[in-house]
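Number of protein chains: 2
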Amino acid sequence: MSYPKQRITLITLGVDDIERASDFYAALGWVPSGLTEGMVCFQLHGQALMLFGRVALAEDQGRPGTMLGTGAMTLCQSFDSRDNVDAAFAAALAAGATALKTPEAVFWGGYSGYYTDPDGHVWEVAHNPFWPLAQDGSLTLPEGP
Amino acid sequence: MSYPKQRITLITLGVDDIERASDFYAALGWVPSGLTEGMVCFQLHGQALMLFGRVALAEDQGRPGTMLGTGAMTLCQSFDSRDNVDAAFAAALAAGATALKTPEAVFWGGYSGYYTDPDGHVWEVAHNPFWPLAQDGSLTLPEGP
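First to last, the protein sequences are chains U and Y.
So for the first sequence, the working numbering puts the first residue at 1442; every next one is plus one.
So for the second sequence, the working numbering puts the first residue at 1442; every next one is plus one.
Derived by calculation from the structure, the hints in this document are not laboratory data.
You may find that some hints are simply not true.
[What the hints assert, rightly or not] With beta-carbon atoms standing in for the labels, derived distance ranges:
1. Y/Q1576 to U/A1575: 19 to 27 Å
2. U/P1583 to Y/A1535: 29 to 37 Å
3. U/P1583 to Y/G1550: 37 to 45 Å
4. U/L1534 to Y/S1522: 39 to 47 Å
5. U/T1539 to Y/Q1576: 36 to 44 Å
6. U/M1442 to Y/A1546: 16 to 24 Å
7. U/T1507 to Y/D1457: 25 to 33 Å
8. U/A1497 to Y/E1584: 20 to 28 Å
9. U/A1531 to Y/P1583: 28 to 36 Å
10. U/L1534 to Y/A1532: 41 to 49 Å
11. Y/M1442 to U/W1549: 17 to 25 Å
12. U/R1461 to Y/A1528: 33 to 41 Å
[As the list claims (entries may be wrong)] Far from chain U, by Cβ distances over 12 Å, these chain Y residues were calculated:
13. D1464
14. R1495
15. G1512
16. D1521
17. A1531
18. L1534
19. G1537
Ideal Cβ positions, reconstructed from N, Cα and C, are used throughout, including at glycine.
Based on the provided sequences and hints, a complete structural model is requested.
Here it is in structure tokens:
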């Protein structure tokens, strides 16, 4: 079967302590799907996000002992207003996130803040007036110029 | 408006050379949406993937000068057969990817390989017999035990 080329089935976050990481996402209201030893999966729009041991992930990648890094791949959640960005940012800090940048107006005309989860994975929370979201929260990019 | 908590609007890859990065994904058959100075966006299932300068991304995160790392957040594409995993892996290498692990049978009952894109972002290509994909390539996690 031929699937669309542009798709991501699974996003895996390498973590030092699965229970701590899982507690963080639970504190944000996320609910895991099923239970498998050594990993936690969350259902997103047509894909999954998994928490998996950082050391085990390096082994799985075929490079055991490598200290895997974070930061250059970031995940963003968009919201329909600046107030909801502020609320999401505050909720993340309350859940144990570390602030990188308090939400502020940014050069591209939106409003955005950044934090890291307990393992250094970077999340952005943003309001982008040029990227309206569907009722279910999904994004379809506007037609380009 | 209240959106689902478990969703990712945008995945951003920090890259050293946007044209080189864009050429890599184009060689895999990806088609960008629109054109904006200094970034390239691709439409995925209900979300977007963006290529953005690594230095600019660190600035945007509120920590200019930070060398952002890679590897601990990985992106996976699943396929319906081992042959299609092998084909995707070969296509990535032909497009300029660096092999981390040639696809092989793995402990959880699937078949998986890893490569990095030109900026060190880690992709997995996998066949997971326990996670059947919908016709459109999307994944809905099976009900847990």
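Here's how the hints hold up against the structure:
Between Y/Q1576 and U/A1575 the beta carbon distance is about 20 Å. The supplied range of 19 to 27 Å therefore holds. Take U/P1583 and Y/A1535: their Cβ atoms lie about 32 Å apart, and the range 29 to 37 Å holds. About 41 Å separates the C-beta atoms of U/P1583 and Y/G1550, a value consistent with the hinted range of 37 to 45 Å. A beta carbon spacing of about 45 Å between U/L1534 and Y/S1522 agrees with the range 39 to 47 Å that was offered as a hint.
Checking the proposed 36 to 44 Å range against U/T1539 and Y/Q1576 shows it holds: the Cβ atoms sit about 41 Å from each other. Between U/M1442 and Y/A1546 the beta carbon distance is about 21 Å. The supplied range of 16 to 24 Å therefore holds. A beta carbon spacing of about 20 Å between U/T1507 and Y/D1457 contradicts the range 25 to 33 Å that was offered as a hint. Between U/A1497 and Y/E1584 the Cβ separation comes to about 25 Å, which falls inside the hinted range of 20 to 28 Å.
Between U/A1531 and Y/P1583 the Cβ separation comes to about 35 Å, which falls inside the hinted range of 28 to 36 Å. Checked against the given bound of 41 to 49 Å, the beta carbons of U/L1534 and Y/A1532, roughly 42 Å apart, stay inside it. Between Y/M1442 and U/W1549 the beta carbon distance is about 22 Å. The supplied range of 17 to 25 Å therefore holds. Distance hint check: the CB atoms of U/R1461 and Y/A1528 are about 39 Å apart, consistent with the given range 33 to 41 Å.
No Cβ of chain U approaches the Cβ of Y/D1464 within 12 Å, the least distance being about 15 Å, so the stated non-interface status holds. Consistency note on Y/R1495: stated as away from chain U, yet its beta-carbon is not over 12 Å from all of that chain's, at 6 Å minimum. At roughly 4 Å from the closest C-beta of chain U, the C-beta of Y/G1512 falls inside 12 Å, breaking its exclusion from the interface. A beta-carbon of chain U comes within 12 Å of the beta-carbon of Y/D1521; the shortest separation is about 5 Å.
Once the 12 Å rule is applied to beta carbons, Y/A1531 is consistent with being away from chain U; the minimum gap is 15 Å. Look at Y/L1534: its CB is around 14 Å from the nearest CB on chain U, clear of 12 Å, so calling it non-interface holds up. In this structure Y/G1537 is separated from chain U by more than 12 Å, as the shortest Cβ-Cβ distance comes to about 16 Å.
Hint check: violations occur at hints 7, 14, 15, 16; the rest are consistent with the structure.
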